[in-house]
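Novice: Given the coordinates of chain A, work out where chain B with the ligands should sit on it, guided by the hints.
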Amino acid sequence: MLLECLVREGVECIFGYPGGVTLPLYDAMYDNPIRHVLVRHEENACFAAQGYARATGKVGVACATSGPGATNLVTGLVDAMMDSIPLVALTGQVPTKLIGSDAFQEADTFGITRSCTKHNYLVKNIHELPEVIHEAFYIASTGRPGPVLVDVTKDVFQGQVHYTPVTSIHLPGYKVHADGHTGQIRRAAQMMWEAQRPYVYAGGGIIHAGAHQELRELVEILDAPCVNTLMGLGAMPSNHPNFVSMPGMHGSYAANMGMYNADLLIALGVRFDDRVTGRLAAFAPHAKVIHVDIDPAEIGKIRNADLPIVGDVRRVLQKLNPVLRELEPSMAARNSASRRAWWSQIRAWKEEHPLTPATSSTEIKPQHAVAEIDRLTRGEAIVTSDVGQHQMWSAQFIRFNHPRLWINSGGLGSMGFGLPAAIGAQFACPEKTVVSIVGDGGFQMSVPELATIASHGLPIKIIVLNNGYLGMVRQWQELFYNNRLCSVTLDSFPDAEKLAGAYGFKGRTIEHVHELRPALEEAFAENGPYLLNIRVSPTENVYPMVPAGGAINEMVLAQPQPVAVP
Amino acid sequence: MLQTISVLLENKTGALMRATGLLTARGYNIESLTVAKTLDPTLSRMTIVVDVEPRLRAQVIKQMNKLINVLQASDLSESPSVTRELLLLRVRAAAEEGNNGPRTAILKEAEIFGARVVDSSVEGFALEVTGDTEKLDEFIDVMRSYGDIEVTRSGAVAVSLDPKKLRLSPPVPRGAEPTTVNVES
Ligand SMILES: Cc1ncc(C[n+]2csc(CCOP(=O)(O)OP(=O)(O)O)c2C)c(N)n1
Ligand SMILES: [Mg+2]
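Those sequence lines, one after another, are chains A and B.
For the first sequence, the positions run 0 to 565 when numbering that gives the first Met the number 0 is used.
For the second sequence, the positions run 0 to 184 when numbering that gives the first Met the number 0 is used.
Excised from the complex, chain A in its bound form (with noise of 0.2 Å):
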C-alpha cells in the first residue's frame, strides 16, 4: 500500500538501504515498478536523493530501516533543512507493540528528527497511511521545500489493506504565502525605478521557485547588476552580461563592493547568510532592502527590509515586471544618469580586481584545474561538489548557463555530500554529463558509493583536487592560528588508478600541468564511470577572502607575497 502511495506520488527513483523492519517493504518493492538503488550507507541515501530533488526540482525519496538505519539519515535531513530540499524519508520503525521497549533496533526516529525535518510523523496504523504519505509529499514539496520524515512501524508495513484513493488532505495549520501583496509589488516597483544604485542578490529561492527567466526579466528591464550566491548559482546566466558573480567569504570584489555601496538591494529568495554578508553592520549599509521570500520567518530575521514581500518569487516577480514595464516611461529615464555610473563602477571594480584562475607552469594550480574542467563543460554539466576549498573554487570558476547545475551543500556544509548527490542527480538526469568536484578529504568520507556508481555503471566523472590537505581547515590554521597545522595532513591517498580498477572502472592521477587537458579529455570521452585524482599545489588559498564577522568591503584579495629583495 505504501508503494501505491508513492507510485501515485509519481515517484520512480527511491535510494535506500533495507534491514529487519522494512523487510515486507522490500518484499513489496521485488514486484513494484519503482527503481530502488541501493548505496552504501544510509547517510548518502539522503545525499543521492537529495542530488536528484535538487537536479530536477522534484522530491527526492530515501529509505531506511529503524534504529541505526534511521539515525545514519540525520545528516543529510538537516543538510536538506538548511538548503530547503524537497526530500521524503521513510524509515523502518519497530513493531507498535514493542515500541518503548529498547526492542532491538529501536530508535526515537520521530523525536531524533524532529528538529532536523520540516515535518515528520510516526506511523502506527495502516488507515492513517495514504493521508501521511500524500501530506508528506505535499508539505515536502510546496512553500519553502524542505525534508519531511514518515516512520513506520513494521506491523504496518505488514498490513494488507487495499489503497482506497485519498481525495483531499487536510493541514488546517500549514499556511503557503504564495502571492505577494499586490500593494507591496507596486511600492516595490517604484522603489527599483527610484533608487540610483540598485543591485539584485538573487539566491536559491529562484532555483527551489522556477524564476530564473522572471529574475532575468525584471534584471533587464531594469538593467540593474546582479549577484546569485552560493545557492543561487546558474539562476542568471553566467555569461549574461548583466551577471556581476557570487557575492560573499569568497565572493569576487565586485560582488561585494556592488553589495558594500548599492542603495536599493532587491533581495530575492536568500536569506542574508552569515557566509554572505560578513559582518552585519558593514554589509549593505547605505541600501534600503527590498525582501522577497517564501518563508515569512526570514524577512527581518538578519537584516531588516525596508519593503518586505512574502511570496513565491516566481509568482512576485510574474506581477512585478509587468508594474516595473508600466512605470518604465515615466520613471527610468530619472535616475540614467547615475544609473550609468553606477554600471562603470562596477566594471571598473571588475577590472581592478577580475576574478581569475590561478595557473602555474610548475604545478597544476586547483584553480586552473577547475577552469580547465568549465572549459569542457561550457556551463551545461551537473557539477556536485563536497565541501571544501574545491567548493569555493567550482563556484568561483565554473560558469553555468541554467539552474539546477550547481548542486552543493551550502548551508550545512556536509563534507561527503558531493559524490552520492552526483549519483542522485545522475540518475534523475541519466542524459547529462555529471561531474563530480571533491576534495581528497570528503571524497574518503564517500568511497562506498564507489561501489554504487560501478554496479550502475554511471557514467560520473570524479574529480579529485587532491591537495593532501584538509585545504579550507589548513586555510584557517595558517591564516587565523600561526599556521600551527593541526590534523590536517592527509598524507594517505589510494591509488587512484587501482581503486577505481578494483571497482571495475578507470582511473588516473596525474601531477604534471601538460598532464591537465589530456587526462581531463580522457575522463571525459569515457563511457562509463572515470575516478581522475589531480595532484594540485597543497598550499593553495582561496582568496579573494572575507575573514569570518569581517565587513564585505574589506576583502583580503591575495596571498600576501614575499618581498623580493633586490
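Note that these hints are calculated values from the structure, not bench results.
Please note that the accuracy of each hint is not assured.
Below are the EDC-like pairs computed for lysine to aspartate or glutamate, each with C-alpha atoms no more than 20 Å apart in a straight line [what the hints assert, rightly or not]:
no., chain 1, residue 1, chain 2, residue 2
1, A, K300, B, D50
2, B, K65, A, D294
3, B, K61, A, D154
4, B, K11, A, E127
5, A, K431, A, E520
6, B, K61, A, D272
7, B, K61, A, E510
8, B, K61, B, E77
9, A, K300, B, E77
10, A, K300, B, E52
11, B, K65, A, D178
12, A, K497, A, E477
13, B, K11, A, E510
14, B, K61, A, D305
15, A, K300, B, D74
16, A, K96, A, E127
17, A, K123, B, E9
18, B, K11, A, D107
Specialist: What follows is chain B with the ligands alone, placed relative to chain A:
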C-alpha cells in the same frame, strides 16, 4: 521581561514538542507551560511563559507559526491580555486542644485572597487559589508564615483582550492558501 505566547495547535502527537522545541533549541528555559483542548477537540491551546530576548521575540513567533501543527501563535505580552494561574497549596496547621489560633488566621487570609478550602484535616488545609503570578507569590509568602507548605502551580493561562482577537471558533489564517488540497490529479 517574560514573554507570554499563546499557541493554537493541532491536538496531535509531537505538536507540543515541536512548539516547545523551538524554544529549547535556542537555549531558552520555559518558565511555565499549560496546554489543554479547545472547544474544538482536535485543537489545543497552549500558553507558554518564557524569557526571550526582546529582539528575537518576533522571530520566535514567526518560527512557531511556520510549524505544520500550529494554527496560530501570538505574543500576548504585546497586547492587552489577562493571565491567570491556579495554585494548590497545603499548609501544615495541626489543630491543638483549646487553641485554634493559626487555623482561624489561615482561613481569614485565605478569604482575603479569595482562596477556597479543598481539604481540611487535623494536620492542616489544602487550599486552591487563582490569580496573577504576583498575587500567588504573595499568597505563598503569607501561608509560609503559618507553617510548612507544599505548593503546586499550574503555570499561566492567558487570553488576549484585543477585540480583534475574540475568536469563538478556530481562526482561519489570513492571506494563506486553502490548506485542504486535492491530491487526485
Ligand atoms: C562532515 C564534516 N566534517 C568536517 C567539516 C569541516 N571541514 C570543512 S572543509 C574541510 C576540509 C575539506 O578537505 P578536503 O575534502 O580535502 O577539501 P579541500 O578543502 O582540501 O578542497 C573540513 C574538515 C565539514 N564541513 N563537514
Ligand atoms: Mg583537500
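Novice: So, for every hint listed, does it hold in this structure?
Specialist: Right, here's what the structure says about each hint:
For the suggested pair K300/A and D50/B, the alpha carbons sit about 19 Å apart, so the restraint of at most 20 Å is met. Between K65/B and D294/A the CA atoms are separated by roughly 8 Å; this keeps the pair inside 20 Å, and the hint holds. A hinted pair counts as satisfied when its Cα atoms are at most 20 Å apart, and K61/B with D154/A does not qualify at roughly 38 Å. Simply put, K11/B and E127/A have alpha-carbon atoms about 13 Å apart, close enough for the 20 Å limit, and the pair holds.
As the CA atoms of K431/A and E520/A are separated by approximately 16 Å, the hinted pair is consistent with the 20 Å bound. Proposed proximity of K61/B and D272/A is supported: the alpha carbons are some 18 Å apart, at most 20 Å. Under the criterion of a C-alpha separation no larger than 20 Å, the hint pairing K61/B with E510/A is inconsistent with the structure, at around 53 Å. For a cut-off of 20 Å, the pair hint linking K61/B to E77/B stands: about 15 Å separates their Cα positions.
Under the criterion of a C-alpha separation no larger than 20 Å, the hint pairing K300/A with E77/B is consistent with the structure, at around 19 Å. For the hint pairing K300/A with E52/B, the CA-to-CA distance comes to about 14 Å; that is within 20 Å, so the pair holds. Straight-line distance between C-alpha atoms of K65/B and D178/A comes to about 17 Å, which keeps the hinted pair within the 20 Å bound. In summary, the hint linking K497/A to E477/A is not supported, as the alpha carbons are separated by about 33 Å, beyond the 20 Å threshold.
Pair hint K11/B plus E510/A does not hold up; C-alpha atoms about 60 Å apart against a cutoff of 20 Å. Among the hinted pairs, K61/B with D305/A is consistent with the structure: their alpha-carbon atoms are about 18 Å apart, no more than 20 Å. This hinted pair checks out: K300/A and D74/B have alpha carbons roughly 17 Å apart, not beyond 20 Å. The suggested pairing of K96/A with E127/A holds, with an alpha-carbon distance near 17 Å, which does not exceed 20 Å.
Taken as a hint, the K123/A and E9/B pair is honoured in the structure, with Cα atoms around 18 Å apart against an allowance of 20 Å. Simply put, K11/B and D107/A have alpha-carbon atoms about 17 Å apart, close enough for the 20 Å limit, and the pair holds.
Hints 3, 7, 12, 13 from the list above are not met by this structure, while the remaining hints are.
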